[in-house]
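Numbering-wise (my numbering), the sequence shown opens with residue 1 and increments by one.
Misleading hints may appear alongside valid ones.
What the hints assert, rightly or not - Derived lysine-lysine pairs resembling BS3-like cross-links, with alpha carbons at most 30 angstroms apart: (1) K47 - K111; (2) K33 - K44; (3) K72 - K33; (4) K88 - K111.
To be clear, the hints were calculated from the coordinates, so they are not data collected in a lab.
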Amino acid sequence: MNNFVKIVLTPIRFIHPVVYGEYPRTMQEIVGKRLPKFTEEQVKIVKGSIDFVGINQYTAYYIYDPHQPKPKVLGYQQDWNAGFAYKKNGVPIGPRAYSSWLYQVPWGVYKCLTYIKERYGNPTVILSENGTDH
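Use the sequences and the hints to build the structure in full.
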């Protein structure tokens, strides 16, 4: 687990087309022919149609390259080719909540909001869900 990234934003597959009229380049490269293409008419309808971005954010985790061979069966989770970890060098990413998957990581929501601001033109954002269980 050497190549850690501190944030992963699966919502980019939704916001990117609405802002730019196409899927992210990395997604196009990974998914290839399985990813539907927007027609010119669909791009005109979708691009710039954003009123606000709604975010449900509960925790953050480290992402690492699992160094796995290309999967034989392709699909959504296989396309990620990513490992998820709540510890780095034995240190938890934050205090653990009651649920085993949930850690308190306040900087995670900050990074998420900053990412959206910087890459998608600072749209109006509604943090619709956030929190932990105790």
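Results for each hint:
1. Our distance criterion of 30 angstroms between C-alpha atoms is met by K47 and K111, whose separation comes to about 24 angstroms.
2. Between K33 and K44 the alpha-carbon distance is near 22 angstroms, which keeps this suggested pair within the 30 angstroms criterion.
3. About 16 angstroms separates the Cα atoms of K72 and K33, which keeps this hinted pair within 30 angstroms; it holds.
4. Pair hint K88 plus K111 holds up; C-alpha atoms about 18 angstroms apart against a cutoff of 30 angstroms.
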